[in-house]
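> Relying on the hints, combine the two individually framed chains into one complex.
Line by line, the protein sequences are chains A and B.
Residues 1 to 495, numbered by my numbering, are exactly what the first sequence covers, in order.
Residues 1 to 463, numbered by my numbering, are exactly what the second sequence covers, in order.
Some hints could be false.
Now the stretches of chain B that chain A is said to cover, found in silico as 3 or more residues with beta-carbon under 8 angstroms [claimed, not checked]:
| # | region |
| --- | --- |
| 1 | 33 to 39 |
| 2 | 52 to 62 |
From chain B, some residues computed to sit far from chain A (all C-beta separations above 12 angstroms) [unchecked claim]:
| # | residue |
| --- | --- |
| 3 | Thr95 |
| 4 | Tyr120 |
| 5 | Ile175 |
| 6 | Glu197 |
| 7 | Cys276 |
Read the hints as simulated data drawn from the structure, not as lab findings.
We put the CB at the ideal spot given by N, CA and C, even for glycine.
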Amino acid sequence: MNNSVIRYILGYILRIEAVLLLFPFLVSIIYRERAGIYYLLTAFVCMALGFLLTLKKPASFVFYLKEGSIATALSWILMSIFAALPFWLSGEIPSFINALFESTSGLTTTGASILSDVETLSYCNLFWRSFTHWIGGMGVLVFLLAIVPLSGGSQINLMRAESPGPSVGKLVPKLRTTARLLYIIYFGMTIIEFCFLLAGGMKIFDALTISFGTAGTGGFGIRNSSIGGYSAYIQWVVAIFMLLFGVNFNAYYLILFRKWRKALGMKEVQTYFLITTAAVAIIFINIVNTASSALEALRHAFFQVSTLITSTGYSTVDFNQWPQTAKTVLILLMFIGACAGSTGGGIKVSRIIILLKTIKKELASYIHPKSIQKIKMDGKPVEHEVLRATNVYFITFMIVFSFSVLAVSFDGKDLVTNFTAVLATINNMGPGLELVGPTQNFGGFSIFSKIILMFDMIAGRLELFPLLILFHPAVWVDLFSNQRKIFSRKIGHKM
Amino acid sequence: MFKTESRKKEGLRIIIVGCGKVGATLTEKLSQEGHDITLLDKNPTKLQMLANAYDVMGIVGNGASYNTQMEAGIEDSDLLIAVTDSDELNLLCCTVAKRVGNCAAIARVRTPDYSAESAYLQEKLGLALIINPELEAAREVARVLCLPTALEVNTFAHGQAELIKFKLPPENILIGQTIANLGKEGISQNILICAVERGGEVTIPDGDFRFAEGDFLSFVAARQDARVFLEKIGFATKQVHDTMIIGGGKAAYYLAKQLLNIGISVKIIETNTARCEELSTLLPKAIIINGDGTDEELLKEEGIEYADSFVPLTGIDEENILLTLYAREVSNAKVITKVNRINFKNVISHLDLGSVVYPRYITAEAIIAYVRAKKASLNSNIETLYHMFDSRIEAIEFLVEEPSEITNVPLMNLELKKNLLICCIYRKGRVIIPSGIDSIMVGDTVVVVTTYSGFDEIQDILL
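Looking at chain B on its own, in the form it has when it is part of the complex (with noise of 0.2 angstroms):
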């Protein structure tokens, strides 16, 4: 017993199979909040460079063979993590995994042949979780879809309560207001802004908080009052009717089948024939286009000035950047950036993209609530955590499982950390916006939004 506290303190001893660029991602934010780190990849100057930049130790070899898995010690670690360009490699290495050592497993399968299946998958192999940054990319940039006029949306305690930013345009009727105002006016009903970045300083505000034009404002509401919210403040809140969806890769197939299930029309246009005839199969419903989605003509031909929405989902960033870039140019549709490396990252956020979506932190953070959770102790667990503002600001989602020093205390007699905020509480199927005069209760997932990071439970917001 002993043994394992002190060992929680250090950090997991985690294996990272496939030195890939959600490989590196991990291995990068797993190696910060201070995990003992070993990587596998047959390629070693992937390894070596990581090594160089990371505190992290590489071992050369094929992640799923016995020999190497024992070289890199999976008998004494807590968690291997496959994420290699292969899924059945992924699938092969979590399953060794499992039966050399006694640790959890996470793998990444990406095909929609295996991801239909993936839940009966994870049970039988016995994985922890497993994960799909394309599947995942698809539905963020689905849920902005169905909300365009925000930049991003994500969503706590299963969808029921959302976590919106959005840009203040010129002119709207909240520019000089302040955040106790709101309230009074009965304009922030059932809803609570819970993160402000301004000129590139993102802060918590507090009641005295006076908004100005150009700021991005986050906030917590119910679904339903979101979009009351928004209304309220001169905003759309329909989804859009049409997208249109340059490439025809694994995102692009997630993506689309989930707009035609909610009513929203897809065009896809895409270079190779082969697969266009496959896409024409899988989506009967979505208009597919045979053609180079980066060609000017084209594009005007299909109508983009005229288009709800576009989505580039090209496997070359470069390529969906100046897409998006020239799509806000000619069109008002709203245009959804995907962006796959993410080196450069200040200067993509210079170009004023909008809505940018990045699979590989998508993934990364799905890990790392796991993986913080498995750090936890017992009482409570992490749900989901997003990472916003460029990492600085986190939203974490806990479910209270057990009764502790901060259940059943008024939120405001509890002794709170600093840049903290508790900003929606979940209780059998409602979502309440907290006051000092609510408490937590057992069985209830808070959401946490914070400027520390490494949160592992509910314990953590106390000073």
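Here chain A stands alone, though its shape is the one from the complex (with noise of 0.2 angstroms):
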């Protein structure tokens, strides 16, 4: 295995942290705070040990799915490290394992959030939540394509790890030029979001953050109600950016180039809006009785609907005291999360799509044992690779999901918080119900819980099996003991 490909792509990884870790530096600044000085010191460790790593160019850049994958795990983990650093030596979170699932929490887009009073926190503090959703939405490896010229063609195989969604695809034959593209259209939107808020009347500061969050579907709040303080125009605003957050970015890519017949005939978006739409009438009819008006019943049910269905976790409610039908209407949309391709999480609406396909197949097999039927997605046969990547996505996410909800059960919760807990932290959606619904925090559980939480979000941000696989014995072997094995060959061969 190439051990110094990955061990050059984390470097760079951290010296792009570096970077990154000087936005909430600035913010100190602007307002006054001593916590930002640990935002520089963190920054400086990152670009040293980042210049250490780099420091030594591979003899060659050339890296297969199994580099992709583990540089990519691997730098998602050294990312959360040191994005908690900050919050826990500035001493807003006295416990590093809190610092950790904070950060974590933030660079999968979870929300998930252990602090009871957000609004104690320092700005810089507040910011920098902010920006790792934002940062983790797209991907760091996305953008380490888009800027760092790595040569040889083999980077698919980067993306493809960290890019949500059955088959990953280009969109532009080069791949530097579909990630520049990707970053393009994902800045594009979110300042677009940005000056709807700030026509809303909302601070610069509250419009930044809360337009990071939903452009990575993110969902950490800047004050104790998250959206639920604000006007019902920003509501509305934030419900809407973060469904188009939730959408495939080709679509966005066609529409760029003017080809709206096929954005719009993409049948994942398609599917998207149509569960949407069929999720919030149902809500809206079985809330519209204890709402003061059906406008406002509308209003909350399209934004739980929106911030659910793609992960985010902003809430203008309490959805947790909203009736059964409504709540396990949410509890589905959790489930299937929102379009591959896009920031959001869950198993993706063309997974579901393919799994429903395969049981009509299925049964259609029933009838006429015989018969040949190939599945098709926007015309196109879905190739049997893809297929069994999804089913075995599909089982791999429901053990993964029941041993973690076993692994929680351990700090005596009950059965809908801990299902919930690792429902939102695997989905990258954020609060659930009962104990971790939205007024509440992930505080209350062990640092054991925390762990397999913090597990889980990872997991379901790269979408299992880049993290998975760092758990296979080959892995480890290759990691620790290539070097020798090669440098022992050759001397063998010499004699």
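And the structure:
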């Protein structure tokens, strides 16, 4: 295995993180906060370490799926650790494991918090929390691909490990251009939302952090009431943009190049909007009696559906108090998740479509046992590899999910809490129900449970396998004994 | 205007239809040169493999269909290259592409039925190039058979100038001499040694370079001067009298036809009786043997030990290589090996096979030359391009069409890049091996040998 290229990528990631850490430092200068110094410190450490790791260029830049996955998983773990340092050093989150939980939750765009009172945090820490959402939303390795000229074509393996969805394609032949296009769309949409929020009379700081949280479909609020305290206009804007960031970015690419019909014809996007509409309708009917006006009920229903299907995790009301039907619909939405190729989490609409079509095919094979039927998506046959990967993904998801619920249950909390806590972290959602509901937090879990939940967050963000492969014995053997093997082989060759 | 300028820097948008041997080589070479490449093929596995290995996009579908081409973005592509198995499909791909998009098109056409009329097809269908790897390979083999001392013979300036590679045998008079010395003694008159490979290292030598046994030398000269030089240093320069070809495929047909035209007698051994009969109709002067070319007894019976030259052209590389090794064992014949798939190139180069011809490289070179010329501005044009010594050195022939900062300036006053040699100027039918006082004029074709890769225009030679 090409260990040196993994080291090199990790070094580059740290250097990028160092630069990113300077932004909250700037915020601290504006608000004259002392906590900012810790950002500068962490940035310095990251930069130094990054330089050390990238000092020696690897002999070969070729890496395969294995190296790509491992580099991705390790990058995310490393970034989370360094992102946690300022929270911890500044003393605003005294326990390191809590700080790590917060930063992991930020980078994986989960938005699950251990803080009971967000409003006591300093501005730079609040900014960093939201900014990590924006960084993690599109992915750091995609960013790396956009700016760092790595030679060779095998970088697609990096993108494959980080981008959500059953099959990763490129928009244009060159990966670098693809990565750039994705970031341009991402950046542009964030700015548009920011302007809309400003127009609603929001303060610049609030508008910026809320935009970051929406764009990455993260969900860290800067107020204890999340979005609940803002005006109806702002709630509508946020809800609509959450929904938009959950759309497959390929659609925006097509729209950018004026291929409207193709963009609107994407089966996944159609289904995504269909599910949203249906869910809003059910919840609206369910809660319309309890709300003060029909419009308000519609707004709350739409906001909550939008926030949960895209796995953002903002809230305008405590939906834990809603009737059972509405709550059940919300739980189902959490499972479905957003579109592939978006910033959202969950199982992804396209996978659900493929799974449903597989069931349909299976049923048909009972009627005509010898029939041959290709599953199609957007008029094209879905390759067997994709089908297999989708099925395996679903099964693995369920297994990881069940074991996590079991592991968390040792804390002695009720089933709904445990179930939704795992659901909310593995789908990068944020709030669950009961003790982890929108007005509650994850602070009450034991350290062991927090580690399990952090694992779920990264596993969910990287779509399981890049993280799970780290536990394969062969990888460990490769990571630690590879150098020696090559060396001894060379010696042996000479003799 | 601005937009096209910026796009030129980024590389062209190229669609390649067909992911076979040539398609894969083209993908590798062209993506290294920084072009945006979209591949079309019906086979998803092949596409996936190439898309994983190189920074390219793959689309599954029939390359000749309008919809697939639209999906690949034919509308804003610069070039479509059709290299599927089927000649007809390739031509259809190009025809559709010309109608739908505003792009240049290159087709591979291999069958002798069409190759005779390729110029007509090219003009009528408006194609940029028609490539025929088998024919090109046969031409290269024929050139070496005309000068069997050489390992490789490449031509510039419509065959007027030649780039010849040979190996210094033991006890040659050149051994121990320096290049400067050769010039003084008048041995290297009108020739220029432009590259040397020694122990795996390739250099562009200067005057102090001293020759040693086993060096691979490449030099440029006018046709007749090259032969004079080789005779002076003790090589035979007569062409072979007869040749034995194993395998009766398309390349064998093209080769036999050319050799018969220049008076070399040809013997072809082919297993398939029907094909033998076909060949005998097409090539009445050739001796066609129906039998297994890998049968040692048959080879002996047909006189491999006394053959002047031996060219295995079967479709299987392993067979070709084994036949070559066998022929070198039992006879003194000049042997040229054709290798179709180039995997294990290092191993092949260790085997000391002598002359090796790689048809798919030849094709790739022609297309790369075209693509580079298309990318470059208009005042110079790449005529031909050769990769030498495992692509470590490029020999490029530029046609200088307009005055620029390099024209009408004595070469010694130009600030040239290092590791670069202007080794030949072809002016009005005359080959000039330039010295410092010569200068490049408009209308010349100039051959440059360099270790850099990616030269698009003649100005690239400047620092």
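> Give a verdict on every hint.
So, going through the hints one by one against the coordinates:
Closer than 8 angstroms: that is the beta-carbon criterion, and the region 33 to 39 of chain B has 3 residues meeting it against chain A, so the requirement of 3 holds. For the region 52 to 62 of chain B, the stated coverage by chain A is satisfied: 7 residues place a CB nearer than 8 angstroms to a CB of that chain, which reaches the threshold of 3. Every beta carbon of chain A lies more than 12 angstroms from that of B/Thr95, the smallest distance being close to 24 angstroms; the non-interface claim holds. The Cβ of B/Tyr120 sits about 34 angstroms from the closest Cβ of chain A, beyond the 12 angstroms cut-off, so the non-interface label holds.
For B/Ile175, the condition that its CB be more than 12 angstroms from all CB atoms of chain A holds, with the nearest at approximately 31 angstroms. Every CB of chain A lies more than 12 angstroms from the CB of B/Glu197, the least distance being 23 angstroms, so the non-interface label holds. For B/Cys276, the condition that its CB be more than 12 angstroms from all CB atoms of chain A holds, with the nearest at approximately 43 angstroms.
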